[in-house]
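Participant: Sequence:
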Amino acid sequence: MSTVNRTALSNLKQNKGKNMLTGIAIFLTTILIFVIPTVGLGTVDTQMAAINKYYPTFHAMFRDVDLKTIEELSYRGEIETMGLRQDPAQIPVPDGTGMMVYMDDTALKLGKMELEAGEFPKRGNEIAVSQGLLEALGITAGIGDTITLPYQPIEQGGLGYEEKGEFQITGLLPTSEEQKEAKMYSTLVSKEFMEQEQPGDSRKYRVMFRIQGADSMTRDQIENAYGKVAAELGIPEGDIADNSSYLMANYVDPAFYSGIVGILLVVVLAGIMTIYSIYYISMIYKVQEYGKIKALGATKRQIRQIVFREGMLVACIAVPVGLLAGSIASKLGFKYLLNAFGEGDALGNITRQLIESNEVAILKPWIYLAAAGIALATVALSLIRPMHIAAKISPVEAMRYDGSIKTRKKKRKGHEEMNLIHLTGANLSRNKKRSAITIITLSLTGILFMVIATVLSCADPKEIAQASMFDEFVLSVDSSSGDKMHPEKEWSVISQNNPLNEELENHIMSIPGVEQITRSSSTDAELKDLMDGEEYWQTGIVGIPETYAREMEKSIIEGSCTYEDLLQGDKIVMDQSMWHWAPEFRTGDTVHMILEAGDKTVEKEFTIAAVADMPNGLNHYNSFVLPKAVLDDICGLSMDYYWSIAAGDKEVKAVEEQLRAVTEEDQNLKMRTFEEELAERTKNAGFTSQLCYVFMAVLGGVGIMNLINTMINSIYVRRRELGIMQAIGLSERQLVRMLQMEGAFYTAGTLILSLGLGNLLGYLTFLYAKKDGLLGIISYHYPAVQTIVLIAVVLVIQLLLTYLIMKNFRRQSMIERIRFSE
0 MSTVNRTALS
10 NLKQNKGKNM
20 LTGIAIFLTT
30 ILIFVIPTVG
40 LGTVDTQMAA
50 INKYYPTFHA
60 MFRDVDLKTI
70 EELSYRGEIE
80 TMGLRQDPAQ
90 IPVPDGTGMM
100 VYMDDTALKL
110 GKMELEAGEF
120 PKRGNEIAVS
130 QGLLEALGIT
140 AGIGDTITLP
150 YQPIEQGGLG
160 YEEKGEFQIT
170 GLLPTSEEQK
180 EAKMYSTLVS
190 KEFMEQEQPG
200 DSRKYRVMFR
210 IQGADSMTRD
220 QIENAYGKVA
230 AELGIPEGDI
240 ADNSSYLMAN
250 YVDPAFYSGI
260 VGILLVVVLA
270 GIMTIYSIYY
280 ISMIYKVQEY
290 GKIKALGATK
300 RQIRQIVFRE
310 GMLVACIAVP
320 VGLLAGSIAS
330 KLGFKYLLNA
340 FGEGDALGNI
350 TRQLIESNEV
360 AILKPWIYLA
370 AAGIALATVA
380 LSLIRPMHIA
390 AKISPVEAMR
400 YDGSIKTRKK
410 KRKGHEEMNL
420 IHLTGANLSR
430 NKKRSAITII
440 TLSLTGILFM
450 VIATVLSCAD
460 PKEIAQASMF
470 DEFVLSVDSS
480 SGDKMHPEKE
490 WSVISQNNPL
500 NEELENHIMS
510 IPGVEQITRS
520 SSTDAELKDL
530 MDGEEYWQTG
540 IVGIPETYAR
550 EMEKSIIEGS
560 CTYEDLLQGD
570 KIVMDQSMWH
580 WAPEFRTGDT
590 VHMILEAGDK
600 TVEKEFTIAA
610 VADMPNGLNH
620 YNSFVLPKAV
630 LDDICGLSMD
640 YYWSIAAGDK
650 EVKAVEEQLR
660 AVTEEDQNLK
670 MRTFEEELAE
680 RTKNAGFTSQ
690 LCYVFMAVLG
700 GVGIMNLINT
710 MINSIYVRRR
720 ELGIMQAIGL
730 SERQLVRMLQ
740 MEGAFYTAGT
750 LILSLGLGNL
760 LGYLTFLYAK
770 KDGLLGIISY
780 HYPAVQTIVL
790 IAVVLVIQLL
800 LTYLIMKNFR
810 RQSMIERIRF
820 SE
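Counting with numbering that gives the first Met the number 0, you get residues 0 to 821 for the letters of the sequence shown.
Where hints are given, some of them may not hold.
Just the calculated beta-carbon pair ranges, DEER-fashion [as the list claims (entries may be wrong)]:
hint, residue 1, residue 2, range
1, Lys652, Ser243, 35 to 41 Å
2, Ala645, Val795, 46 to 52 Å
3, Asp632, Asp144, 27 to 33 Å
4, Gln515, Gly212, 53 to 59 Å
5, Ser257, Gln352, 30 to 36 Å
6, Val320, Lys652, 50 to 56 Å
7, Lys669, Pro149, 46 to 52 Å
8, Gln515, Pro149, 33 to 39 Å
9, Gly212, Asp44, 31 to 37 Å
10, Ala324, Thr96, 53 to 59 Å
11, Glu176, Ser257, 46 to 52 Å
Calculated pairs, SDA-like style, for lysine to any residue (alpha carbon to alpha carbon, straight line, at most 25 Å) [unchecked claim]:
hint, residue 1, residue 2
12, Lys432, Lys179
13, Lys182, Arg671
14, Lys179, Lys431
15, Lys770, Ile556
16, Lys553, Tyr641
17, Lys391, Lys431
18, Lys488, Leu158
19, Lys203, Glu236
20, Lys603, Arg671
Hints in this document: simulated from the structure, not taken from any laboratory. Computed from a prediction, not measured in an experiment: that's the story for all the values here. We put the CB at the ideal spot given by N, CA and C, even for glycine.
Make the full structure from the sequences, and use the hints.
Facilitator: Quick look at the structure:
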C-alpha cells in the first residue's frame, strides 16, 4: 500500500466523527438519487406494461378502406405491421347491439382478442360468441353446439333485411361489465362468412397498424407519420382513429423526463453544498496536519490525493448502503403508489399483478450504476475546494491557519469588558465564510420546504371541491369529443336528442328530497382568431342561468359586465385561463366563433365584455360564458349539459340511489356527487403531501448533517481556547450559554432566510399555480402549521445538538483541553 493510501486510510479511522457525518449526508443523497428515477421511470414502465396487457397494441386505425388502398398500404415503408377487420353484419339484441366481426390473425394479435375457451372460427359458419350475448338473446349453448342467430348484413346505405343462419360455436369470448351495462356485444366470424355477406366491390375494411421505428419516436412523430400516409392515400381525417391510451402510456412526453432531471439536480446541488461545507469546515483544523506532512516532503499532488481518497473511501462505504436503502424505499414506495388505484380499477389490478409477480423490473441495473456514478461525482465535486485549500498552503502558514478570512484592517475593535455576547460574536466573525455557508446550506432546504408547504396548504381539498360543485349532485351528458371510434358520443349528435329534457326534469323533481335543479348549457366552438396549427382553436362556451349571475359578476377581474348586459347577445365573458393560450385577447376585443348547434354550425362574433376568474362549478372548464337563454337561442336547441341538483341533508343517500338508476338507464348520462369529488380531492392532496414531505425530510437530513458538523468542529477547534478560558474563570454554565448563543445565531439566520425568502417564493409560486390551475388552487392559505413545525424542528435539533456536544466535551479534563494541538 502506498504512503498516500495509508495516510488517507489513517485519516479515515482518526476522523470518525466527521466521516460519519459525511457518510450520512452521502447516504441520504444516494437514497434520493436512486429513488427518484426508480419510482419515476418505474411508474412509466408499469403503466406501459399494464396498458400493453390490457389495451390493444396498434397505433391507429384507418376506417372504410378498400382492397386497393390496403394493397398500397402493405407496400408502405412507414407501416411495420397491419391487421384487417371487417364487420359484415349486425345482430339485433333487445335494447342493445351485437356485431359480427371478422379479424385476420394480425388484427387478433394487435387487438388482444382472447378466448375464455375454444378456438377462433376458421371456416364457414363457425363463430365465437360471448356468454353475455347468448344470455341477452335467451340462448343456452356451449362450445360445439349449433345455434340459430338473426342478423342484418351491413350495406352501404345502412342495414339490410334480417336473415337467419345456423352457426357452430367454436369459442367463447369474455363478457366485461361495461358490455353488460351498455348491452353492446361482439362475435367473431370466419373469413368465408364475411366474404359471403360482403361482395368484393363494396367491401370496406378497418386497418389496424403499427408505425415502423416507433420505439425511438414521440407520440407527435407517430401521429404525423400515419397522418402523412393517410393524406397521400386519400384517407379522410374523419376515418383516422388513434389508440390514444396505448400511445399515451408508451410514448411519454419528454417533459416528464426533464422533470425527473430537474429534481435530481436539486438533490445533487444540496448534496454538493452539504458535503463541501462539511469538508471545508473540517479543513480548518486539518490544514495544520497537512502542513506538517508537507514539511516532511509531500507534494501538492499528494496532499490533494490524500484529501480526495479519504473522501472517496467514505463514499465507497456510504453509496452501497444508500443504494440498498434506496432499493427498499423504492419497493415500499411502489406499494404506496398502488393505493392510488381503486379496488375496482381494472388497470390498477393489472398493475398490482405485474408488480407482485415481478413481471416488470422496478430495480434496474443501469439505475444502480447511474445513481452510484452521480453520487460519487457529487462527492468528487464537493472535494475540489478542500483539496485546493490543503494543497496550496505553506507549512509555516498551516501552523497558524484557522480558516479566518484575511482582512485589510490593521486594527480590531475591542471591548473594555468581555461578556458572553462578545465572545460569541468574536468566534462567529472569525470565519464569516464558514458561518455564511452553514446558514445558506440549511436555508436552501428551509426555503424549498416553505415553497412546497405553501403550495400544499393552498391546495385545500374542501375548498376546491366546493368550487367545483355548488350542490350535492351534478348530472351531465356523457359525451366525448374527437373519439373517432365512437362518433355517436359527440355532443353535436347527442344534443339533437338531448337526454336532459323536460320529462327527465319533472321525474327528478318528483324524487323526495330534491330541492332544486340549476340548468347550464354548453357547446363546442372554434375560434377563428386563434390557430392551432392549420386548424381553428377548439374551445367551449357554457350558458349559465340567472341563478349564477352574482357568482359570475363577482369573479370578474378585468372589465365590467352584468348578466343583463350579456342578455343582449353580442357580448361574452372570457375566463382568465384563456390568457394562457391567447394572452393578446383583452376586454373590448372582438372574437369570431363557429358554434356547433346539433347537426349544423352557427358563425357569430362577440365583444369580450370582461375577463373573469371563475370557479369550475360555474364555467365547467369552459373558456367562455354566456347566459343560458342566449346560448340556446343561438343554437336553436336546448343545449342543457349540466344539471346541478340540490338535495336535503337527510335525503342525500336516497336521492343518490334514484339518480344512479337514471344514469344506468341512459348511457349518455353520468353523475358526480359532492362526496365523490371531496374524497378524490382529499386522497390526491394527501398522496401528494406525503410524497413531498418524505422527500423534504430526507433532503433536510442532508442539511442537518452540515449543522452538526459545524457545531462539533466549532468546539473541537477551540478546545484549547475554551480550556484556557475555563481555567481563568469561565464557568460551565457560561460555556453552555455561549454555545447556545452560537446555535441560536445559526438557528435565527436559518429561520430568517427560510421564512423570509421561503414565504416570498411560496407566494409567487401560489400566483403561478393559481394562474395555471395547478392542483386546482383557488386562494392563498398561509402554511401556519408547517411554519410552526419548521421552527420547532430547527430549535429542537439545535438544543439537542448543544446538549450532546457538551456531554461529550465534559469527558475531557481541563488539562487535556489546554494541551490540545501541542
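Participant: Take the hints in turn and mark each one as holding or not.
Facilitator: Going down the list of hints, with the structure as the test:
1. Lys652 to Ser243: 35 to 41 Å: 36 Å, holds
2. Ala645 to Val795: 46 to 52 Å: 49 Å, holds
3. Asp632 to Asp144: 27 to 33 Å: With Cβ atoms ~59 Å apart, the hint is violated.
4. Gln515 to Gly212: 53 to 59 Å: 58 Å, holds
5. Ser257 to Gln352: 30 to 36 Å: At 31 Å between Cβs, range holds.
6. Val320 to Lys652: 50 to 56 Å: For valine 320 and lysine 652 the Cβ distance comes to about 54 Å; the hint holds.
7. Lys669 to Pro149: 46 to 52 Å: Given a distance of about 32 Å, which is not inside 46 to 52 Å, the answer is violated.
8. Gln515 to Pro149: 33 to 39 Å: 47 Å, violated
9. Gly212 to Asp44: 31 to 37 Å: 21 Å, violated
10. Ala324 to Thr96: 53 to 59 Å: 56 Å, holds
11. Glu176 to Ser257: 46 to 52 Å: 39 Å, violated
12. Lys432 to Lys179: With a Cα-Cα distance of about 72 Å, the restraint between lysine 432 and lysine 179 is violated, given a limit of 25 Å.
13. Lys182 to Arg671: 23 Å, holds
14. Lys179 to Lys431: 74 Å, violated
15. Lys770 to Ile556: 12 Å, holds
16. Lys553 to Tyr641: 22 Å, holds
17. Lys391 to Lys431: 21 Å, holds
18. Lys488 to Leu158: 20 Å, holds
19. Lys203 to Glu236: Holds. Lysine 203 to glutamate 236 sits at ~16 Å (cutoff 25 Å).
20. Lys603 to Arg671: Since the Cα atoms of lysine 603 and arginine 671 sit roughly 33 Å apart, the hinted pair is violated (cutoff 25 Å).
Hint check: violations occur at hints 3, 7, 8, 9, 11, 12, 14, 20; the rest are consistent with the structure.
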